[in-house]
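Undergrad: The primary structure of each chain is shown beneath.
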Amino acid sequence: MRQTRAIELGTGLFVLLGFAALFFLVTQVTSREFGLGQGGYRLTASFDQVGGLKPGAPVSMSGVTIGRVESIAYDFGEYRAQVTLRIEPEFDRIPDDSDASILTAGLLGGQYVGIGPGGSETFFKDGDRIQFTQSAIVLENLISKFLFSKAAEQQPADGAAQEPKP
Amino acid sequence: MNLVGEFREGIAGSLRALGRYAIFFARLVAETPRALLRFGLVVEQVHNAGALSLVIIMLSGLFVGMVLGLQGFDLLERFGSEESLGTAAALGLLKELGPVVTALLFAGRAGTALASELGLMRATDQLSALEMMAVDPVRRVVLPRFLGGVISMPLLAAIFSLIGLFGAQLVGVQLMGVDQGQFWSQMRGAVEPGDVMEGVLKSAVFGVACSLVAVYEGYHAVPTAEGVGRATTRTVVISSVSVLLLDYMLTAVML
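Here the protein sequences line up with chains C and U, keeping their order.
When we follow the working numbering, the leftmost residue of the first sequence carries the number 1, and every step to the right adds one.
When we follow the working numbering, the leftmost residue of the second sequence carries the number 1001, and every step to the right adds one.
It is worth saying that the hints were derived from the structure and are not from the lab.
Take these hints with a grain of salt, some might be off.
Stated by the list, open to error - Simulated restraints, written as ranges between beta carbons of each label pair:
# : chain 1 : residue 1 : chain 2 : residue 2 : range
1 : U       : V1253     : C       : Q154      : 49 to 55 Å
2 : C       : Q28       : U       : Y1248     : 27 to 33 Å
3 : U       : L1244     : C       : L13       : 28 to 34 Å
What the hints assert, rightly or not - Derived contacts from chain U toward chain C, CB cut-off under 7 Å, selection only:
# : residue
4 : L1091
5 : G1092
6 : G1181
7 : S1185
8 : V1191
In this text the structure is predicted, and so the values were computed from the model without any measurement.
Think of the CB as a built atom: it goes at the ideal place given N, C-alpha and C, for glycine as much as any other residue.
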């Protein structure tokens, strides 16, 4: 009897430890906060290019996380990406002419939405739309822009053999 | 001609072995609901396979995590992004090292114990004695051991990953000077609940594979001293290889 109890105790302890480890891994190591997403209010914003933005990415103002990206959809009405943001209820005084831009945290970090406050006296409400947006920067576009501007600089220096610029 | 015949024989033999495994597995699955009614037997085996493996799992997890901290830091430092160490360690442990190393250790620690125990039962005619008393040895002896292993493995893997993470944190933060806040916050930003679930799913599959191999080899051991020894060896070899094979297939499917 004593033996059985010791075995049961040991097993119980092991199972408890296992589930505690699992619980810790799910809640502490991952980003998804449970219970979040019920409160707060929604804002939408349209971007030409969302880059690597993913649902669950933080929305931040001056580096303070004020909400999360809820969903990303494609809007065929205006042929742009429509991003829905969920803002925590305590951040309810964001001027309604604020702008949203998609930024990258660090060199290898993930992308997030940064909100820059405007100067309006009225604030965003649930369901509002952010008018001023700046898209994610696509590295290839940046490089091609740089190369084209370099080429344009070089052309006159190459001599008069080239056809004249329009 | 003789060579071709031998080759054909070998192929047929492997196929037959695979078939026997499948039939045995199907039988275990079919009997599982009834075995769960006598839960005390399963609890005892969870103790044998899980609780007694705890020390080796925790110790290995700590050292694997610490090595991961060292190697990860050395590699990430070259790109100037040593803050990502937490992410690298967490993903590596949760998705690969946790389930795989735990399964290999489990095969060595618990699988061999299972196989030799069942093999000795076979060699000393204990299994036949049970049959004489109209007790089904598969239901009474084999199945609780199988289920104990299946239940233990995901829990062991979770403990392994957690301890490993703290090992990586120990080396990365205390020894190498990675910022503690960055270590955890970058990890939280990059790791998703799906990654944890991937690890749990993998370890559950490995648990089934390792336990099945151990009980099959033990139950079907040749009833001699040599046969039991051989069954134990085969358990480790087959479990290890099948774990690595399954790992590749699962990763390819889930990635």
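Undergrad: Against this structure, judge whether each hint is valid.
TA: Do the hints match the structure? See the list:
1. Taken as a hint, the range 49 to 55 Å holds for the pair V1253(U) and Q154(C), whose Cβ atoms sit roughly 51 Å apart.
2. Remark: the range hint 27 to 33 Å for Q28(C) to Y1248(U) is upheld by a beta-carbon distance near 30 Å.
3. At about 31 Å, the beta-carbon gap between L1244(U) and L13(C) stays in the expected band of 28 to 34 Å.
4. At a threshold of 7 Å, the smallest CB-CB gap from L1091(U) to chain C is about 10 Å, leaving the interface hint violated.
5. Look at G1092(U): its Cβ only gets to about 12 Å from chain C, farther than 7 Å, so that hint breaks.
6. With 7 Å as the threshold, the beta carbon of G1181(U) stays out of range of chain C, its nearest partner Cβ sitting at about 13 Å, so the hint is violated.
7. Checking S1185(U) against chain C: minimum C-beta separation of about 9 Å lies over 7 Å; hint violated.
8. At a threshold of 7 Å, the smallest CB-CB gap from V1191(U) to chain C is about 5 Å, leaving the interface hint in force.
When the structure is compared with the earlier hints, violations turn up for hints 4, 5, 6, 7 and for no others.
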